[in-house]
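Each protein sequence line maps, in turn, to chains A and B.
Note that the first sequence ends on residue 383 in the working numbering; no numbers are left out.
Note that the second sequence ends on residue 383 in the working numbering; no numbers are left out.
If you're looking for bench data, these hints aren't it; they were derived computationally from the structure.
There's no promise every hint is true.
Stated by the list, open to error - Within a straight-line C-alpha distance of at most 35 Å, the following computed DSBU-like cross-link-like pairs (lysine-lysine) qualify: (1) A:Lys9 with A:Lys148; (2) A:Lys73 with A:Lys148; (3) A:Lys124 with B:Lys148; (4) A:Lys73 with B:Lys47; (5) B:Lys280 with A:Lys71; (6) A:Lys47 with B:Lys47; (7) A:Lys9 with B:Lys73; (8) A:Lys148 with B:Lys71; (9) B:Lys148 with B:Lys373; (10) B:Lys9 with A:Lys71; (11) A:Lys333 with B:Lys72; (12) A:Lys72 with B:Lys47; (13) A:Lys9 with B:Lys208; (14) A:Lys369 with B:Lys73; (15) A:Lys73 with A:Lys208; (16) B:Lys152 with B:Lys72; (17) B:Lys369 with A:Lys47; (18) A:Lys373 with B:Lys47; (19) B:Lys369 with B:Lys47; (20) B:Lys71 with A:Lys9.
There are 2 protein chains.
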Amino acid sequence: MENIFADRISDVPRSFIREILKVTATPEIISFAGGLPNRDYFPIDGIREACARIFDGDEKEILQYSTTEGYPLLRGFISDRYAKKKGLDVDPESIIITSGSQQGLDLIGKTLLNEGDSIIIEKPGYLGAIQAFSIYKARFHPVPVLDDGPDMDALGEILSKNRIKLYYAVPNFQNPAGISYSDEKRRAVAGLMERHNVLFVEDDPYGELRFLGEDLPSVRKYLPENTIMLGSFSKIVAPAFRLGWLSARSDIMEKIIVAKQASDLHTNYFSQRVVYRYLMDNDIDAHIAAIRKAYGSQRNAMVEGLGRRMPADFSFTLPEGGMFLWARLPEGRSSMELFDFAIGEKVAFVPGNPFYAFDPEPNTMRLNFTNSDEGTIDEGIKRLAKAYEKYIHSNK
Amino acid sequence: MENIFADRISDVPRSFIREILKVTATPEIISFAGGLPNRDYFPIDGIREACARIFDGDEKEILQYSTTEGYPLLRGFISDRYAKKKGLDVDPESIIITSGSQQGLDLIGKTLLNEGDSIIIEKPGYLGAIQAFSIYKARFHPVPVLDDGPDMDALGEILSKNRIKLYYAVPNFQNPAGISYSDEKRRAVAGLMERHNVLFVEDDPYGELRFLGEDLPSVRKYLPENTIMLGSFSKIVAPAFRLGWLSARSDIMEKIIVAKQASDLHTNYFSQRVVYRYLMDNDIDAHIAAIRKAYGSQRNAMVEGLGRRMPADFSFTLPEGGMFLWARLPEGRSSMELFDFAIGEKVAFVPGNPFYAFDPEPNTMRLNFTNSDEGTIDEGIKRLAKAYEKYIHSNK
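Excised from the complex, chain A in its bound form (with noise of 0.2 Å):
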């Protein structure tokens, strides 16, 4: 039969993560495997009163179409709190309204890229963006991840070599990675990022749930021209809404709002007025200083059982914020093999694999710490501990 679909279709696979959620949907399975916020913080209760309060006012609004910007409101709120929490002076007028931050991604790739442009990925990096960008063909130049930002010769090496036009980072607590930047290393990015003239994607989904250390200057702080920033409502409102954001300077903006159009007009208006409401009616920093609260012991709880289950050669990043934490095992080992023990012992991550562009290493793992309570978290190492020792011991 004649292939009818687009080249740009033909190599993103399914997200392999969603085909393993499928599997380990079952409620006998203990999963690290998800991305999922922990759904016993979602503020439930604010969210039922929004949603009646905003019927108070010129309620037939609130169901009509809307700008394509986003609500002039709720893009005012996410400015402010820029200047507030980190300082950064970001006008409203250069923030767009997305369907989730991975709609942000989609829209860069859909107004920067051309097939074959270089761009810069984390290696390993974030899945939904390695898709956003290879729908529109981007070749990608992997740069390792280390406990404290990227391997800065690596960086520089492939700038030298290669004419790039963006840099996508995950700089606090990195999906799937759990690492940040430190503040030496974002200030020699964005130095690099002027020298070179390559736009910096500054993705930072999980940037307010910090439980340990401090919180460190956005990138754009060293880079205000050159960075493109996206947030989310999705960790510190809830998800099911889809609202993210993305700001950047005027004439990146002008295409960016060109091709939200040609996308989906504009942004559900009608969850940015009930999330708006939510924001004005409630301390939204005391529901997420509850989450940072929730998430820093549950991460406690997956470090210490790690640290005191599993053998000394698997190792793992000590995230200071954010979802996940990164295990290594030995060299040779594979973590897909070991993923087919933890099935048999009820116990589920993510193998290490999709987030790389290509050149996977096969001994890494994703283990997600949000979506499961304390206790559960250290039953769940108990069984990979014991799924790891029968890996070990088999002909494998």
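On the provided structure of chain A, position chain B as indicated by the hints.
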């Protein structure tokens, strides 16, 4: 300065209609320019109650991430409605919930269109489709639409001279022209698509809004495998939720799901739950009947006003449903020039040019009758007639 943008975005104009809407947003202007449903018929009480009720059950789940394909019960509702209203057998598995039907267009472009692929669009055609497919650098082959559908000779010639990938059409109450395809032409089009192995994209946002005549079969009925259907809740419930859907056969759906994941993971789940709850608890057919009645009266007010007040050489279509009619000034006249006089008289419409991928007919224009009540329509047409007279007697 170096051009940093992707080639695909360079040729896509910012929506001219959205620019016009900004000009005409002052309350003293009567606007027939937009494409807004009448807010007086939004089911505000039903939505308010649905919002309250979705918090009754497994409430936390309504705020969590969800599946790319969409809420299964909502997909089931759509499948049932196709069976009941159209006699179509549409598997719920072949339906994906999209962020408005505009996103359906983007997903079709993303999965099916390589640069330079030939597609047929209607002349004049839906601006949002022209924008969406321009992004993927399709080669447009516009087929003129007559009062009963496409010019079949022109269609046959396009198909015989080019390898066409898809034909995008709005067979019911077309935007912008307000015309509908006759049953004969639906059959004939289906036959041609079959013979030339072309996909037919049947966009049907207005199909339920018929106020005159009899419903006609979906083209899908005559072309089950090769038809991709797009639908929307924007016109029968409310646009702010950005809820639409796409239905296609399984090999296409598989790729659409990959593209949807990369685009925004999934459609706003909270709104899917709200709208489904609303649909379950209310008589949607009675609601649609009320909209139809109102729009029918408004359409009559516009048709009568134009007939009474405009000269005989101002011709226009007689839609049996939908939201728009299409008018034509005598050859040599320009609706852009008329527009300036109209704004002077405080009435607005959309000049026809943006509805053409190329070779516009400058004497055409689109009038919306859904977003004004009958008295306002009458007053607006009075103003338009005055503007027209001034234009005719000006030096232009």
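Hint check results:
For the proposed pair Lys9 (chain A) and Lys148 (chain A), the alpha carbon gap of about 42 Å is over 35 Å, so the pair is violated. Using a Cα cut-off of 35 Å, the hinted pair Lys73 (chain A) and Lys148 (chain A) holds, with the two alpha carbons roughly 34 Å apart. A hinted pair counts as satisfied when its Cα atoms are at most 35 Å apart, and Lys124 (chain A) with Lys148 (chain B) qualifies at roughly 31 Å. With a CA separation close to 31 Å, the supplied pair Lys73 (chain A) and Lys47 (chain B) stays within the 35 Å bound.
Note on Lys280 (chain B) and Lys71 (chain A): the hinted pairing is violated, with a Cα-Cα distance of about 52 Å set against a maximum of 35 Å. For a cut-off of 35 Å, the pair hint linking Lys47 (chain A) to Lys47 (chain B) stands: about 27 Å separates their Cα positions. The hinted pair formed by Lys9 (chain A) and Lys73 (chain B) meets the criterion: a straight-line CA distance of about 33 Å does not exceed 35 Å. Note on Lys148 (chain A) and Lys71 (chain B): the hinted pairing is violated, with a Cα-Cα distance of about 62 Å set against a maximum of 35 Å.
The hinted pair formed by Lys148 (chain B) and Lys373 (chain B) fails the criterion: a straight-line CA distance of about 46 Å is larger than 35 Å. Of the pairs offered as hints, the one joining Lys9 (chain B) and Lys71 (chain A) holds, with about 32 Å between alpha carbons and a cut-off of 35 Å not exceeded. Distance restraint check for Lys333 (chain A) and Lys72 (chain B): the Cα-Cα separation of roughly 46 Å exceeds the 35 Å cut-off, and the hinted pair is therefore not satisfied. For the suggested pair Lys72 (chain A) and Lys47 (chain B), the alpha carbons sit about 28 Å apart, so the restraint of at most 35 Å is met.
This hinted pair checks out: Lys9 (chain A) and Lys208 (chain B) have alpha carbons roughly 34 Å apart, not beyond 35 Å. Annotation: proposed proximity of Lys369 (chain A) to Lys73 (chain B) is violated, straight-line Cα distance about 56 Å (limit 35 Å). Proposed proximity of Lys73 (chain A) and Lys208 (chain A) is supported: the alpha carbons are some 9 Å apart, at most 35 Å. Of the supplied pair hints, the one linking Lys152 (chain B) and Lys72 (chain B) holds, its CA atoms being roughly 29 Å apart against a limit of 35 Å.
Of the supplied pair hints, the one linking Lys369 (chain B) and Lys47 (chain A) holds, its CA atoms being roughly 28 Å apart against a limit of 35 Å. About 33 Å separates the Cα atoms of Lys373 (chain A) and Lys47 (chain B), which keeps this hinted pair within 35 Å; it holds. For a cut-off of 35 Å, the pair hint linking Lys369 (chain B) to Lys47 (chain B) is broken: about 54 Å separates their Cα positions. A C-alpha spacing of about 32 Å is found between Lys71 (chain B) and Lys9 (chain A), which places the hinted pair at or below 35 Å, so the restraint holds.
In terms of the numbered hints stated before, the structure departs from hints 1, 5, 8, 9, 11, 14 and 19, listed from lowest to highest.
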